[in-house]
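Work out the full structure: start from the sequences and follow the hints.
As given, the protein sequences belong to chains S and U, one line each in that order. Anchor point for the first sequence: position 118 equals 118 in UniProt numbering, and the numbering is continuous, going up by one each time. Anchor point for the second sequence: position 130 equals 130 in UniProt numbering, and the numbering is continuous, going up by one each time.
It is worth saying that the hints were derived from the structure and are not from the lab. Small disclaimer: the values here were computed from a predicted structure and weren't measured. Careful: at least some of the hints might be erroneous.
Under the rule of at most 27 Å between Cα atoms (straight-line distance), these lysine-lysine pairs were calculated in the DSSO-like manner [to be verified]:
1. U:256 x U:239
2. U:112 x S:96
3. S:73 x U:36
4. S:73 x U:41
5. U:36 x U:124
Spelled out, the chains give:
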Amino acid sequence: RQSSVPFCSHARKLLYPLAPHLGQHRCSSIYEPDYLEVGKSKIPLHNPLNLQIRGYDFPVLENFQRYVHKIAKNMDIEIEDGWAVPPQYLQVQRFKPQSTVIDSEYKMAVYERNIQVVELPSTVGEIFFEVLQTALPEGVTLTVHEHTEEQEENRYIPDNELIELKTKLEELGGPSKKK
Amino acid sequence: MNLINNKIRSCCFSTSVNIIRKHKWDLMSAVCLERKPVITKSLNDIEVNFSKMLSRIEFEKSYKSEHEMRKEADVLRAELLKHKSAEVDDIDQGTIQTAQDFEDATTDEYNKFTFMPRVTEADKIKNFNSVDRMLENHLLLVVHQKLWDQKIWIMPQGLRMDGETLLQTAERILKDTCGSNLRVKFSGNAPCGIYKFRYPKKYMDKNTDSSIGAKVFFFKAQHIAGNVEAEKLTAKSFKWLGRKELEKDLTSEYYKSISQFLIDED
Numbered sequence: 001r002q003s004s005v006p007f008c009s010h011a012r013k014l015l016y017p018l019a020p021h022l023g024q025h026r027c028s029s030i031y032e033p034d035y036l037e038v039g040k041s042k043i044p045l046h047n048p049l050n051l052q053i054r055g056y057d058f059p060v061l062e063n064f065q066r067y068v069h070k071i072a073k074n075m076d077i078e079i080e081d082g083w084a085v086p087p088q089y090l091q092v093q094r095f096k097p098q099s100t101v102i103d104s105e106y107k108m109a110v111y112e113r114n115i116q117v118v119e120l121p122s123t124v125g126e127i128f129f130e131v132l133q134t135a136l137p138e139g140v141t142l143t144v145h146e147h148t149e150e151q152e153e154n155r156y157i158p159d160n161e162l163i164e165l166k167t168k169l170e171e172l173g174g175p176s177k178k179k
Numbered sequence: 001m002n003l004i005n006n007k008i009r010s011c012c013f014s015t016s017v018n019i020i021r022k023h024k025w026d027l028m029s030a031v032c033l034e035r036k037p038v039i040t041k042s043l044n045d046i047e048v049n050f051s052k053m054l055s056r057i058e059f060e061k062s063y064k065s066e067h068e069m070r071k072e073a074d075v076l077r078a079e080l081l082k083h084k085s086a087e088v089d090d091i092d093q094g095t096i097q098t099a100q101d102f103e104d105a106t107t108d109e110y111n112k113f114t115f116m117p118r119v120t121e122a123d124k125i126k127n128f129n130s131v132d133r134m135l136e137n138h139l140l141l142v143v144h145q146k147l148w149d150q151k152i153w154i155m156p157q158g159l160r161m162d163g164e165t166l167l168q169t170a171e172r173i174l175k176d177t178c179g180s181n182l183r184v185k186f187s188g189n190a191p192c193g194i195y196k197f198r199y200p201k202k203y204m205d206k207n208t209d210s211s212i213g214a215k216v217f218f219f220k221a222q223h224i225a226g227n228v229e230a231e232k233l234t235a236k237s238f239k240w241l242g243r244k245e246l247e248k249d250l251t252s253e254y255y256k257s258i259s260q261f262l263i264d265e266d
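Given below as structure tokens:
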């Protein structure tokens, strides 16, 4: 099932105020007691992991993301979320040796896609990462790291007006306290 | 009375004849060291034709790019200037790099660039010891070991000592057989496959306490850098083999149990 992504980080904090963990763990619901060992898997599970795919060639990257999703679905791996990050635009200038005369200039864009994988047993994880590594196309890099709060925050575009107003308020001496 | 006697006798008889033999198996761990492919696989004929067809279709369906529009505009401007040769509108027209110039410069650069050869030296000499062979395929390390009477090609394996986990055994064995020049990354803590074999009866001791065979657990590892140091090797020789060569060199049961956890290539 898809997780509904609110349009603003403030809205998200209002909706899920008491969410200390960052992925939604479904192995323990509120109707099952914590001490119950039956439903939980005996193999240690990974924390929510982000598969970050970066590449220069846009269609290849998108196709590879589709492929990763297919493989994960085939191996019964739960994919929580998948999102894109705005590309990094690079301007590379090659200088002639020992001078500042530009030899050639290139403009490149590094596109990125992220897939979040949740409740991955460590044994399946080994095989999964090896399969992904073998299936990597040319020019695409895959990084796997744990999901952090900063990455979650990076997805949202900062509300500049709100930040400006907040700084102004602080300069003026903080919010007034009504009794 | 006789019946009871017979029954007791038959009971004693049955318990004395059947000595319950405990089957003891040795635990060994082996290292499945693979060098992952360095370059992507080359396309076969069907794939080449299909990709050519797809690119043609895409070219026909696509709109004109910025570069092509600029080129057309330049050509038009040159025509206009030829006809109205008196008017020289743009002073800096000579300094702007026209689209044609840009195209020429880029094609020159592309032609000057030399790609590395896909078929390396080691491929040509068929040097099985080197890691640079067959850059498109997986290479697996196999080692020539003498088990009792036969010399066979197997992955480096060894017995587990007391108090070691199987993964620690695998790391130790890799160090012992291949030297410390090899840099390797073990993928995970769990073994990926198992092979069971019985020791041949003529080399077995008569006492029932020794193990009747061994179970070999395979641990997958990826080769990062370095190569096997041939002098320190306890086994006499080693080879890095591709998938098809593996099928030829290894025994069939061993190959069957190995091929289950090796990623196969067409």
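Hints and how they fare:
1. U:256 x U:239: The given pair, whose Cα atoms are some 19 Å apart, holds under the 27 Å limit.
2. U:112 x S:96: At roughly 16 Å apart (the allowed maximum being 27 Å), residue 96 (chain S) and residue 112 (chain U) satisfy the hint.
3. S:73 x U:36: This hinted pair holds, its Cα atoms lying about 24 Å apart.
4. S:73 x U:41: It holds: about 25 Å lies between the C-alpha atoms, which stays within 27 Å.
5. U:36 x U:124: Distance of about 20 Å is within 27 Å: holds.
Hint check: no violations occur; every hint is consistent with the structure.
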